[in-house]
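Residue 11 in the numbering used here sits at position 11 of the sequence shown, with consecutive numbering throughout.
Don't read these hints as lab results, they were simulated from the structure. One should not assume that every hint holds.
As the list claims (entries may be wrong) - Per label pair, the in silico range of CB-to-CB distance: (1) M239 to E500: 48 to 56 Å; (2) E257 to T97: 37 to 45 Å; (3) Q282 to E461: 35 to 43 Å; (4) E374 to Q419: 16 to 24 Å; (5) A251 to K187: 30 to 38 Å; (6) G477 to Q419: 32 to 40 Å; (7) T452 to E316: 23 to 31 Å; (8) K357 to T192: 35 to 43 Å; (9) E240 to K418: 26 to 34 Å; (10) E284 to L152: 17 to 25 Å; (11) A251 to E431: 47 to 55 Å.
Just so you know, these numbers come straight off a predicted model, no measurement behind them. Every residue, glycine too, gets a C-beta built ideally from N, C-alpha and C.
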Amino acid sequence: MKKQHYAIIDIGSNTMRLVIYEKTKGNRLKEIENVKASSRLRTFLEEDNTLNQAGIDRLIDTLKSFQEVLDTYTLQDTICAATAAVRQAENKKEIETQIVERTGLNIRIVSEQEEAYYGYLAVIHSTSLTEGVTVDIGGGSTEVTYFEGRELKESHSFPFGALTLKDFFHKSIPTTEELSKLRHYLKDQFATLPWLADKEVKLVAIGGSARNLAQVHQNLESYPLAGLHEYQMFQKDIMEVSNHLTSLKPAKLAKVEGLSKDRADIIIPAIEVFHCLYQTVQAESLILSRKGLRDGVLYEHLAKQFDSSLFPNVLEESIQELVNDYDLDRKHISHVQNLTEQIFDFCKENGLIHLDKQDRQLLKMASFLFNLGEYIDSESSPQHTFYLLANRTIDGLEHRERLKLALVASFKNKTVFKQFIQPYKSWFLKEERQKLLDLGSLLKFTYCLDATKRQIVEKIEFTSKKKTLIIRIYTKGNAMPEEYQAEKQKKHLEKAIGKEVDLEFIDL
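Full structure from sequences and hints, please.
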């Protein structure tokens, strides 16, 4: 199948960005090129709200540099979208005319309502959240939405952004009084939208300022996992970053690890937006979304083109993408899942392990991906499996859930499990760590029952005695490799259920 590429150019008030996506086998969008330019178009707006010629030239020169990148690809579509700086300019028609004449590109000026909608669309295409408030801070505007049941209920665009809000400060590091004035202003603004108040849902932050906030916090905390998407922060974390940045001298602010130089002078007002909105919503937590306006525009475009759903099962699609990427055997997966569900149900119903529906979901996901590190090297498969799953963005999973998946899918034995979980031990209670160990043991055992990937096991039956669990395994041929592996690995199952396990292989 010929690779399909799509390009999005995002003309923002602070930055301009070109992103090129490749459509995968499973119709997911994979980012393969991301080029950023700091344009600060907002600073070229005159008092009469026209974008001056210097600003138009800056915009067009940046577009021409992007075109050189575009020329290296065969593209299905190129979409050029402009937001607040161009939208709010009185001479937007003149800007459009000059862009067409000097670059040949047609730009689409995104309305306030559309900008809010695309942020929402990006979030429901990249997370499993069913309800939440989104916030996207640009240079010249801030969009907020509220969704419930994954459907958009409310949206609004405020005419202020990180660039305009920095006017509250005389210098990049504000005084206590300046911070107080900004906070009062933001709280008054958010109070104009009654639907924001006391929602007690997750606040999903979109855009470059949100990414910088998360990156700075990860560096302050020496965060052990890779990736920003669905990184979770609480009010104390936002305050920690804010207090750290406001305590620095201006010269040191630009050198903060995780903070882009072109955002050093606007990050503090942006953080105040997140903080004040967090308080207004009484949010459960703040979640970062790496997907935003660009992704939302493209999702809508592709949905119209292929008449597909705008409300996918994000996690399911992400797991299928991993199956495709690592060329995993679907028949083997299906067989292992079936065997795993049988053992899971028996252990749950007979109280051998305390299990619930979340455990079933985790085990099902892990059975899709168990031992995928074999793709790299069979000898060190558990290490590769753990690293790949723990450090790869999986849309629909927050970081803690992603780590749980990595621990179960990489299970080899208790020693290796303890080695993998050690840096994250404080993330889980003792009972949770034991549960993950038990789930890994179940999966490792059932994986052994299809060791040769021939689906030779027809059915399994259980007889539970006081100190022993008898498992009868009915096969349709010589199951010697499966029997050898199962006998070798049953000790992990025995520890999980607190009984000896007797295996009886019966050839049908």
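Going through the hints against the structure:
1. The hinted range of 48 to 56 Å is satisfied by M239 and E500, whose Cβ atoms lie roughly 54 Å apart.
2. The hinted range of 37 to 45 Å is satisfied by E257 and T97, whose Cβ atoms lie roughly 43 Å apart.
3. Restraint check, Q282 to E461: a C-beta distance of roughly 52 Å breaks the suggested window 35 to 43 Å.
4. Checked against the given bound of 16 to 24 Å, the beta carbons of E374 and Q419, roughly 19 Å apart, stay inside it.
5. Take A251 and K187: their Cβ atoms lie about 31 Å apart, and the range 30 to 38 Å holds.
6. Checked against the hint of 32 to 40 Å, the C-beta distance between G477 and Q419 comes to roughly 37 Å, which is consistent with it.
7. Restraint check, T452 to E316: a C-beta distance of roughly 28 Å satisfies the suggested window 23 to 31 Å.
8. Between K357 and T192 the CB atoms are about 41 Å apart, so this pair conforms to the stated range of 35 to 43 Å.
9. E240 and K418 have their C-beta atoms about 30 Å apart, which keeps the hinted 26 to 34 Å range intact.
10. Between E284 and L152 the Cβ separation comes to about 20 Å, which falls inside the hinted range of 17 to 25 Å.
11. A hinted range of 47 to 55 Å for the beta carbons of A251 and E431 is consistent with their spacing of about 49 Å.
Comparing the model with each numbered hint stated earlier shows that hint 3 is the single one that does not hold.
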